[in-house]
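Chains as they are written, first to last, in full-length UniProt numbering: chain A, 1 to 543; chain B, 1 to 351.
In short, the hints are calculated from the structure, not lab data. All of these numbers come straight from a predicted model, not from anything done at the bench. Idealized CB from N, CA, C, for every residue including glycine. Misleading hints may appear alongside valid ones.
Claimed, not checked - Mimicking BS3-like on lysine-lysine, the simulated pairs with C-alpha atoms at most 30 Å apart in a straight line are:
1. B:Lys153 / B:Lys199
2. A:Lys365 / B:Lys310
3. A:Lys34 / B:Lys260
4. A:Lys458 / A:Lys494
5. B:Lys141 / A:Lys39
What the hints assert, rightly or not - A few chain B positions that, by computed beta-carbon distances, are all more than 12 Å from chain A:
6. Asn96
7. Met101
8. Asp129
9. Lys149
10. Arg160
11. Ala170
12. Leu171
13. Leu188
14. Pro283
What the hints assert, rightly or not - Heads up, incomplete: computed chain A residues facing chain B, CB under 7 Å, no partners named:
15. Gly192
16. Gly276
17. Met321
18. Leu409
19. Ala413
20. Gly463
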Amino acid sequence: MSTTTTKDARGKAPAGERVADWADGRLGIYSLAKANMRKIFPDHPSFMLGEICLYSFIIIILTGVYLTLFFHPSMNEVEYTGSYVPLQGQLMSEAFNSTMHISFDVRGGLLIRQIHHWAALVFLAGMFVHMMRVFFTGAFRKPREINWVFGFLLFVLGMFTGFTGYSLPDDLLSGTGVRFMEGAVLSVPIVGTYLSFFLFGGEFPGGDFVARFFAVHVLLLPGIMLGLVVAHLILVFYHKHTQFAGPGRTNNNVVGMPLLPVYMAKAGGFFFLVFGVIAVIAALVQINPIWAMGPYRPDQVSTGAQPDWYMGFSEGLIRAMPGWEIDFAGHTLVLGVFIPLMIFPLVLVAIAVYPFIESWVTGDKREHHILDRPRNAPTRTGVGVAWITWYVVMLIGGGNDLFATHFHLSINAVTWFVRIAFFVAPVIAFIVTKRICLGLQRRDRDKVLHGRESGIIKRLPHGEFIEIHEPLSQEQLHTLTAHEQYEPVEIGPKVDEYGVERKIPASEKLRAKLSENYYGEGHQIPKPTVDEFKEITSGHGHH
Amino acid sequence: MSSQDIPEENLPTAQDEHGAVALADEENPFADPGLPPHEHRIQDIDERAARRSERTVALLFTLSMVATIGFIASYVAIPIDQNIFVWPIGHISALNFALGMTLGVALFAIGAGAVHWARTLMSDEELVDERHPIEATPEVKAKVLADFKQGAKESAIGRRKLIRNTMFGALTLVPLSGLVLLRDLGPLPEDKLRHTLWKSGKLLINQNTHEPMRPSDIAVGSLTFAQPEGLEEHDHDFQREIAKAALMLVRIQPDNIKDKQTLEWSHEGILAYSKICTHVGCPISLYEQQTHHVLCPCHQSTFDLADGGKVLFGPAGHALPQLRIGVNDEGYLEARDDFEEPVGPAFWERG
Numbered sequence: 001m002s003t004t005t006t007k008d009a010r011g012k013a014p015a016g017e018r019v020a021d022w023a024d025g026r027l028g029i030y031s032l033a034k035a036n037m038r039k040i041f042p043d044h045p046s047f048m049l050g051e052i053c054l055y056s057f058i059i060i061i062l063t064g065v066y067l068t069l070f071f072h073p074s075m076n077e078v079e080y081t082g083s084y085v086p087l088q089g090q091l092m093s094e095a096f097n098s099t100m101h102i103s104f105d106v107r108g109g110l111l112i113r114q115i116h117h118w119a120a121l122v123f124l125a126g127m128f129v130h131m132m133r134v135f136f137t138g139a140f141r142k143p144r145e146i147n148w149v150f151g152f153l154l155f156v157l158g159m160f161t162g163f164t165g166y167s168l169p170d171d172l173l174s175g176t177g178v179r180f181m182e183g184a185v186l187s188v189p190i191v192g193t194y195l196s197f198f199l200f201g202g203e204f205p206g207g208d209f210v211a212r213f214f215a216v217h218v219l220l221l222p223g224i225m226l227g228l229v230v231a232h233l234i235l236v237f238y239h240k241h242t243q244f245a246g247p248g249r250t251n252n253n254v255v256g257m258p259l260l261p262v263y264m265a266k267a268g269g270f271f272f273l274v275f276g277v278i279a280v281i282a283a284l285v286q287i288n289p290i291w292a293m294g295p296y297r298p299d300q301v302s303t304g305a306q307p308d309w310y311m312g313f314s315e316g317l318i319r320a321m322p323g324w325e326i327d328f329a330g331h332t333l334v335l336g337v338f339i340p341l342m343i344f345p346l347v348l349v350a351i352a353v354y355p356f357i358e359s360w361v362t363g364d365k366r367e368h369h370i371l372d373r374p375r376n377a378p379t380r381t382g383v384g385v386a387w388i389t390w391y392v393v394m395l396i397g398g399g400n401d402l403f404a405t406h407f408h409l410s411i412n413a414v415t416w417f418v419r420i421a422f423f424v425a426p427v428i429a430f431i432v433t434k435r436i437c438l439g440l441q442r443r444d445r446d447k448v449l450h451g452r453e454s455g456i457i458k459r460l461p462h463g464e465f466i467e468i469h470e471p472l473s474q475e476q477l478h479t480l481t482a483h484e485q486y487e488p489v490e491i492g493p494k495v496d497e498y499g500v501e502r503k504i505p506a507s508e509k510l511r512a513k514l515s516e517n518y519y520g521e522g523h524q525i526p527k528p529t530v531d532e533f534k535e536i537t538s539g540h541g542h543h
Numbered sequence: 001m002s003s004q005d006i007p008e009e010n011l012p013t014a015q016d017e018h019g020a021v022a023l024a025d026e027e028n029p030f031a032d033p034g035l036p037p038h039e040h041r042i043q044d045i046d047e048r049a050a051r052r053s054e055r056t057v058a059l060l061f062t063l064s065m066v067a068t069i070g071f072i073a074s075y076v077a078i079p080i081d082q083n084i085f086v087w088p089i090g091h092i093s094a095l096n097f098a099l100g101m102t103l104g105v106a107l108f109a110i111g112a113g114a115v116h117w118a119r120t121l122m123s124d125e126e127l128v129d130e131r132h133p134i135e136a137t138p139e140v141k142a143k144v145l146a147d148f149k150q151g152a153k154e155s156a157i158g159r160r161k162l163i164r165n166t167m168f169g170a171l172t173l174v175p176l177s178g179l180v181l182l183r184d185l186g187p188l189p190e191d192k193l194r195h196t197l198w199k200s201g202k203l204l205i206n207q208n209t210h211e212p213m214r215p216s217d218i219a220v221g222s223l224t225f226a227q228p229e230g231l232e233e234h235d236h237d238f239q240r241e242i243a244k245a246a247l248m249l250v251r252i253q254p255d256n257i258k259d260k261q262t263l264e265w266s267h268e269g270i271l272a273y274s275k276i277c278t279h280v281g282c283p284i285s286l287y288e289q290q291t292h293h294v295l296c297p298c299h300q301s302t303f304d305l306a307d308g309g310k311v312l313f314g315p316a317g318h319a320l321p322q323l324r325i326g327v328n329d330e331g332y333l334e335a336r337d338d339f340e341e342p343v344g345p346a347f348w349e350r351g
């Protein structure tokens, strides 16, 4: 590929260049680098959330590989002879035994275990917040819908990888979680019992699930996730990153720092920052002390049993649901467990399909690379906050016992609160959020038209007090008015030109109605026009 | 560092106007004024400040090296079973603390150095890249569609329907083999969930003492856990059997027992209930002796043991199964039957 080579005094290209030439002849790296080496990445603190996810994922893989060197995914019962005195002589599975070995007899084993677990919590939390960032700024719009779906799949697979992972040590707490899962599988009509027997190799707990979960946890799910992460990143590169509106930033350009050197140094450095912080957390804060809980036995349990945080909302669903059970014709429909089991994926799917609903309502087929400020999309922001509220209500339900004991409340009252708030809280959150967004839009409008409140009070000769407003700079004026406002979809006349009634599909009517609620009067504040601005600024001057 | 130390020619005012703001547009005050001018950092105009940054970055990288040496030293020197007191955390493993802190510092310092380097010494001038539409131009699209049509035509898949249909048939059927292979993941349920180890004449063994019990061993207001005789912790299928057979015994004044069958199946006020919650199978263990309620610690289902184990609150869908008990000739508590209904969570075939 390369025809020109820089030569030093002895007529030979430098070693680095020769290596690059060799690689280029086989991989075409110069063409790749031409497009990407100085690729521009816009800067914003919220753009680092996705990086945190990527880096914690890498940390999880690194530490996970180390853990597999010592972990025995087997449920054979052995007697504990390790160095933790309180459990000596106890029967436990090899899985638990080897996790004890990692924690107490392998130097640094406990640290790596704790880094692995903490990184998993950070990974899931990072994905959640990153997803919300993308949601509230409308970064999911065309052309990024597929990447939104990839990210969503990563979040869901991350949850299940986490669940299968913390079940592996076969300790009392995680075993209880697996039992809960088995009970949930049993509730599935018709095939539930069979599914459970196939999953556990017979009756619960059987002797198979640790080995099976292990394969799923270290191979199947991470393999799929690795593929999705790569695809996610390729699409980020291909689409080029979104940016916020501002002077010089348009839908057709991308403004920021080049990959080499600034972004590479910052992003590469950030990996070490994330890893360093997680290592310090793992040094200081104990996580999942399986020795305190002991090996799993299906007839034993401890109080305050909680899953890891990302599974908490499903726990809340199962705790808040009334115990409905219908017996008929020799069969049992376990609605009290099956309904939560069905709502669990629905909660997740609800947020995943939102981008497609919004694009259907707007009918907008253009590419969007400029991010929305959340206030400028009040309905979307309302939906997002309603969803988070819903999620948090379920999370509270998942810890109803802890809320009861820590705040001295009745467990029944907490559960009833969750049951009611499940339906009511998202609606309230939606209304309140939308109001706040509209209020903020009005504020922006006032700022554009009347300038910034300077806080300086002036007394006029005739005694009147006025506050001085400072006009905004052109940069600020542009930034505050750069967003686009949609018009509600018109459904058209009910009758055509000949007076015959037009057939309007129900979906179109629904779309028009939704559109009205998104962009109709009172659902967004019209941004100031140039004429309004000129009239005010020329009319009675600056005051 | 004061600004008068900076050489005059390096000050921003002496430099070229770069990327100046476009003049405000008379017609459109909201127009995009373009990128604001680049603002210089002190490192851009003062070499001494730049050298200070260089030293800071180098110091951070050096700190990382020192921390790594500390990590190795801790690994070698600190015994794995040593505990130390660290305020305000308390007593923690010395090795875990030392390894984690040194590793954390070694990593963090690399990151901090790299970021400081990027922020203070690398160019911070914003650059602009053009975006290009993701979708192909109409010419490209037309070419691809034509190629596809040509390829499909050459394959004759549309014309030779027999090939097409049998191919789809074969591709649909072949995954069935994979599905069939999953059959041996586990045995069929049959009636396995309906039976436990309990049967008539099986002694109730106290799980703490591993001895059979007489009624006098169980005080009013106490909670005792029992398992069937013959089941040993070392048994191969212990976990599977105890998951169904686990039993809790409480003693209530017979006058306080509300349900007639509950009273009949009890012995001198001693009631035996399955310990496995009927919700999703957690072991129930929180007993309120005044009210005779038990609470499942997992999802807070509450059952009334004086009234047939019926559900008072929470997500459980049906009552706790009661085991019929009595005493044998030697005066030991024994089961009179297996549980009448399946223990644990409900399932489709339960009925």
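Now the hints, each set against the structure:
1. For the hint pairing B:Lys153 with B:Lys199, the CA-to-CA distance comes to about 73 Å; that exceeds 30 Å, so the pair is violated.
2. About 58 Å separates the Cα atoms of A:Lys365 and B:Lys310, which puts this hinted pair outside 30 Å; it is violated.
3. Pair hint A:Lys34 plus B:Lys260 does not hold up; C-alpha atoms about 86 Å apart against a cutoff of 30 Å.
4. Taken as a hint, the A:Lys458 and A:Lys494 pair is broken in the structure, with Cα atoms around 57 Å apart against an allowance of 30 Å.
5. A C-alpha spacing of about 27 Å is found between B:Lys141 and A:Lys39, which places the hinted pair at or below 30 Å, so the restraint holds.
6. Here B:Asn96 does not stay apart from chain A, with its beta-carbon only about 5 Å from theirs, under the 12 Å limit.
7. Remark: the non-interface label on B:Met101 conflicts with the geometry, its nearest Cβ contact in chain A lying 5 Å away (cut-off 12 Å).
8. The beta carbon of B:Asp129 sits about 4 Å from the closest Cβ of chain A, which is not more than 12 Å, so the claim that it is off the interface is violated.
9. The non-interface label for B:Lys149 is consistent with chain A: the shortest C-beta to C-beta separation is roughly 25 Å, beyond 12 Å.
10. Look at B:Arg160: its CB is around 34 Å from the nearest CB on chain A, clear of 12 Å, so calling it non-interface holds up.
11. A cut-off of 12 Å between C-beta atoms confirms that B:Ala170 is not in contact with chain A; the least separation is 27 Å.
12. No beta-carbon of chain A is positioned within 12 Å of the beta-carbon of B:Leu171; the least distance is around 22 Å.
13. Its beta-carbon lying about 7 Å from the closest one in chain A, B:Leu188 breaks the requirement of being farther than 12 Å from that chain.
14. Under the 12 Å C-beta cut-off, the non-interface status given to B:Pro283 relative to chain A is violated; the minimum distance is some 5 Å.
15. Nearest Cβ of chain B to the Cβ of A:Gly192: about 5 Å, under the 7 Å cut. The hint holds.
16. Hint status for A:Gly276 relative to chain B: holds, with the closest Cβ pair at about 3 Å, below 7 Å.
17. Given hint, A:Met321 at the interface with chain B, holds; its Cβ is 5 Å from that chain's nearest Cβ, closer than 7 Å.
18. Taking 7 Å as the C-beta cut-off, the interface hint given for A:Leu409 is violated, the closest approach to chain B being about 13 Å.
19. The closest approach between the C-beta of A:Ala413 and any C-beta of chain B is roughly 11 Å, which is over the 7 Å cut-off, so the hint fails.
20. Below 7 Å, beta-carbon pairs count as interface contacts, and A:Gly463 has none with chain B, the closest being about 33 Å; its hint is therefore violated.
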